[in-house]
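K.L.:
Protein chains in written order, with the numbering used here: chain V, 1 to 284; chain F, 1 to 304.
Because the hints were derived from the structure by calculation, they are not lab data. Keep in mind that the hints are not guaranteed to be accurate.
[Unchecked claim] Chain F is faced by these chain V residues, among others (derived, beta-carbon under 7 Å):
| no. | residue |
| --- | --- |
| 1 | 1 |
| 2 | 81 |
| 3 | 91 |
| 4 | 92 |
[Stated by the list, open to error] What the simulated footprint calls covered on chain V by chain F, stretch by stretch (three residues with Cβ under 8 Å from a Cβ of chain F suffice, anywhere in the stretch; the number is not a length):
| no. | segment |
| --- | --- |
| 5 | 56 to 68 |
| 6 | 72 to 80 |
| 7 | 97 to 108 |
[To be verified] Computed cross-link-like contacts, DSSO-like style, restricted to lysine-lysine with a CA-CA straight-line distance of at most 27 Å:
| no. | chain 1 | residue 1 | chain 2 | residue 2 |
| --- | --- | --- | --- | --- |
| 8 | V | 121 | V | 142 |
| 9 | V | 142 | V | 107 |
| 10 | V | 186 | V | 121 |
| 11 | V | 187 | V | 121 |
| 12 | V | 267 | V | 219 |
| 13 | V | 107 | F | 93 |
| 14 | V | 142 | V | 186 |
| 15 | V | 20 | F | 302 |
| 16 | F | 30 | V | 107 |
| 17 | F | 93 | F | 30 |
| 18 | V | 94 | F | 93 |
| 19 | V | 107 | F | 302 |
| 20 | V | 142 | F | 30 |
| 21 | V | 219 | V | 254 |
| 22 | F | 302 | V | 94 |
| 23 | F | 93 | V | 142 |
Just so you know, even glycine gets a beta-carbon here, dropped at the ideal spot from N, CA and C.
So the chains spell out like this:
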Amino acid sequence: MDLAVEIQDLVKEFRPAGRKEPLRAVDKVSIHIAPGEVYGLIGPNGSGKSTTMKALLGLVQPDSGICRIFGNDSLRVDSRQDVGFLPENPYFYKHLSGSETLRFYGKLCGLRGASLEVRVKELLALVDLAEAGNRRLGGYSKGMLQRIGLAQALIQEPRLVILDEPTAGVDPVGSRQIRDLILDLKKRGITVFLCSHLLEQVQEVCDRVGIIYRGRMVKEGPIEELLSLGDQTEIVLRDASPELVAQVRELIAKDGKAELLRAGRPKTTLERLFLQETVDRRDP
Amino acid sequence: MSRPAKNRPLNPRRIGVIAGHTFTQLVRMKVFYFLAIFAVIILGSNVFNIQDIGRPDLEGMDVLRMIRSTSLGTMTLFSVVMGVVATALLLPKDVEDRTLYTILAKPVPRLDYLLGKLGGVLLLIFVSLLVMDLLMTGVLAVRTQMVLSEQAARVAEWPKAEQEALFAEIRSQGATWSIHGAVVAVFLRAAVIASTALLLSTISTSTLFTTITSFVVYFIGNFQSDAREFFLGGASGGISPLAKMAGLAVAVVFPDFQQFNVIDTVIEGQPFLASDIGALAGIALFYVVLHSFVSWLVFAGKEF
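Next comes chain V alone, as it looks inside the complex:
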């Protein structure tokens, strides 16, 4: 089966005005995402996340490397039939209403007639904008714009959804709604490729993450594996007194009151790992 996303040794350089040397925004980045997986790409501002996503969408041309979507070269228009994209801070057309926006994007994807109308209603309900569907986007809040943006990304029932900072500037409630929508996509078997600064949210929804720093992929893997500390053991006790904790290893076997619930490797947080691998990183 084809990978949903196949990025192999992607290199992208920019030549800013007044600078002789090209600026390497993405340096031999490789990402492979299986169908149905939720993948999070995290990194500080300017680390190359958005450029990687744009290369995958054919919005920028790679200097070298391969970008494929379900086996199709992402520079080909046909590959975008299977993709939905929500850019960072999208504005959309303020003169259109929510339902008109979805109709416009649906028609671009070849939908029409009754099936388009059904799809528009379905998506407005999915993103909780059914009542605001006839209002112009000029009057939408930031969270509503993000949700209508997510709906347009899903209009043609894509197999892959690419989300660039889907919760940027959205309040905690709106952010949670978007998180729930991503989890819903995951349940439906839709592949999600997202980048976000909200590490807690990435940790909640992603199966695998990649950490990109100064254009390079510095860490990648399943989230459980990345967050596990291999040389430590974690013991979780219920109803245990502080004294019992101090002597736990000797007492557990003898003490019939305390119950050993779980033993394993304690985890760091994604945020700590992120800082360790980026700004606190010792080697350049």
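Starting from the known structure of chain V, fit chain F onto it as the hints suggest.
P.N.:
Then chain F, alone, in the frame of chain V:
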């Protein structure tokens, strides 16, 4: 490898969707308010000249000429300004608002996007000119009847043949097919200047630069045939092939807008033949296709 649906460029339905959307966008930007201003100008020019009807020496025809001249002049101004400003505004706005990302992230070839945008602007200009043409025709028809009645009373004693000649001349200053042909010429000129602005907006990201440069191109285009005539036509000992090629190159880069200047002759009551419209349509099509093609070449390699 999975096989997604083919999305070949030049899909009329997709271009139509983008053109329709661009039209709606411009309409909701209150562009049609200009039509109200046009109506006021036409009705104003009509009212202010009402006393001329009572002047037998003018035979009332100057009023009709005035209406034709004001209407066609206003149409030209509107269509050129709209062709430049709307086209120069839309593309950079889509990039700035990142709406372009969401469109190009769908299965939309870049050529279809460009043609859709241009099509929307042209549709708006076409509809506006159509409304203005209808308004002008209505006013001209009413005023022609008024002038005919006025003159009929004045020349009642004239021989029949002379009366008929005068009435025919008055009618030739009214709503004729030639004046509709002149409106078509106005539209064709707007199409060429809009496609020029499209080309410039794919090269530059600045709306101001595109607007100013487009007007400069329009200005040069209105005088380039005179310049060609002066430099090439006046040369003694014939024109060198190099000079001829250079002249042709200038004509390709800067459309010769003087060819579309048929308004003055039509205002004077000269006929504007269908074959002339056909020739102008051919010239306009050549420039629109050329500009769209070069725009696509530039836009296809552009990164966002």
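K.L.:
Holds or violated: residue 93 of chain F and residue 30 of chain F, Cα atoms, limit 27 Å.
P.N.:
holds, 17 Å
K.L.:
Do the alpha carbons of residue 302 of chain F and residue 94 of chain V lie within 27 Å of each other, as the hint requires?
P.N.:
At roughly 25 Å apart (the allowed maximum being 27 Å), residue 94 of chain V and residue 302 of chain F satisfy the hint.
K.L.:
Taking 7 Å as the limit, does the beta-carbon of residue 92 of chain V come near enough to a beta-carbon in chain F?
P.N.:
Constraint on residue 92 of chain V satisfied, holds at 6 Å.
K.L.:
Take a quick look at whether residue 267 of chain V and residue 219 of chain V sit within 27 Å of each other, Cα to Cα.
P.N.:
holds, 16 Å
K.L.:
Residue 20 of chain V and residue 302 of chain F were given as a pair; does the straight-line alpha-carbon distance stay at or below 27 Å?
P.N.:
holds, 21 Å
K.L.:
Residue 187 of chain V and residue 121 of chain V: Cα distance at most 27 Å?
P.N.:
Cα-Cα ~21 Å, so holds.
K.L.:
Straight-line Cα separation of residue 219 of chain V and residue 254 of chain V no greater than 27 Å?
P.N.:
Distance of about 43 Å is beyond 27 Å: violated.
K.L.:
How does the segment 72 to 80 of chain V fare against chain F when you require at least three residues with a CB closer than 8 Å, holds or violated?
P.N.:
Per the Cβ count (5), the hint holds.
K.L.:
Below or equal to 27 Å on CA atoms is what counts here, so check residue 121 of chain V against residue 142 of chain V.
P.N.:
Holds. Residue 121 of chain V to residue 142 of chain V sits at ~21 Å (cutoff 27 Å).
K.L.:
Verify the coverage statement for the segment 56 to 68 of chain V against chain F, using a C-beta to C-beta distance below 8 Å and requiring 3 or more qualifying residues.
P.N.:
Satisfied; 5 residues make the cut.
K.L.:
Decide if the proposed pair is consistent with the structure: residue 30 of chain F and residue 107 of chain V, CA atoms, cutoff 27 Å inclusive.
P.N.:
holds, 25 Å
K.L.:
Does residue 107 of chain V pair with residue 93 of chain F here, judged by a C-alpha cut-off of 27 Å?
P.N.:
Roughly 21 Å between the alpha carbons, so the hint for residue 107 of chain V and residue 93 of chain F holds.
Hint compliance for this structure: hints 1 and 21 are broken, all remaining hints hold.
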